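Student: As given, the protein sequences belong to chains C and X, one line each in that order. Mind the numbering: the first sequence is residues 1 to 117 in our numbering, read in order. Mind the numbering: the second sequence is residues 1001 to 1112 in our numbering, read in order.
Worth flagging that the hints you see were computed from the coordinates, not collected in a lab. None of these values were measured; they are calculated from a predicted model. We put the beta carbon where it would ideally sit given N, CA and C, even for glycine. Just so you know, not all the hints are guaranteed correct.
Here are the computed distance ranges between Cβ atoms for each label pair [what the hints assert, rightly or not]:
(1) Glu1015(X) <-> Lys55(C): 47 to 53 Å
(2) Arg10(C) <-> Leu1007(X): 27 to 33 Å
(3) Val1011(X) <-> Ala2(C): 24 to 30 Å
(4) Ala72(C) <-> Gln1109(X): 38 to 44 Å
(5) Ser54(C) <-> Ser1084(X): 36 to 42 Å
(6) Asn1061(X) <-> Lys14(C): 41 to 47 Å
Here's the letter readout for the chains.
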Amino acid sequence: GAVVSQHPSRVICKSGTSVKIECRSLDFQATTMFWYRQFPKKSLMLMATSNEGSKATYEQGVEKDKFLINHASLTLSTLTVTSAHPEDSSFYICSARPPLAVQETQYFGPGTRLLVL
Amino acid sequence: AQSVTQLDSQVPVFEEAPVELRCNYSSSVSVYLFWYVQYPNQGLQLLLKYLSGSTLVKGINGFEAEFNKSQTSFHLRKPSVHISDTAEYFCAVRGGYQKVTFGTGTKLQVIP
């Protein structure tokens, strides 16, 4: 099946620094990638949808200046948490959808656990 | 608006016993329903999905789910679980052109 990787798998950073998380589709081209956030004992919350070569579409309540998303190629999307604070600590998951796939087709990455001290 | 409820956060079950993971949803339009499985340190994998047609859907690894419109449920079942089924299971719903909404997940713990 299709493989999506995320890097890093875990990251610890100091408050006020920025952290970049990469999401790569390893064996297919992804025209659309999704970024989710998961709090403990909560469901996955969609943060934004990014399409290759265009600006990401953010969900209501998600600060686009804080969570910068770049989808520069068909196999790579990045999420940068700018000026991170302890409340940004969470599990971030990306998913990717191949071109021409039906809308419910998504392949998920293993997630990145961010801890902001 | 749409929502998904997974009432059980954890389900322990002995190996080779049957299991049912419950999922209820709400939506104002016709729905598509999904179950995903997440093994430790891995991404979510699609287990099965209901789009239309037969209400009994069979997925990978011997799992099946039944769409019950009157009860707004989409429970996941397996007649005999294995140790390798230990994972977290997420139910999800998409109504019409709305985005996919996930439940909070159920951790299945298979006891040897």
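Student: Look at each hint and say if it fits the structure.
Tutor: Outcome of the hint check:
1. Glu1015(X) <-> Lys55(C): 47 to 53 Å: holds (50 Å)
2. Arg10(C) <-> Leu1007(X): 27 to 33 Å: holds (31 Å)
3. Val1011(X) <-> Ala2(C): 24 to 30 Å: holds (29 Å)
4. Ala72(C) <-> Gln1109(X): 38 to 44 Å: holds (41 Å)
5. Ser54(C) <-> Ser1084(X): 36 to 42 Å: Check passed, 41 Å falls within 36 to 42 Å.
6. Asn1061(X) <-> Lys14(C): 41 to 47 Å: holds (42 Å)
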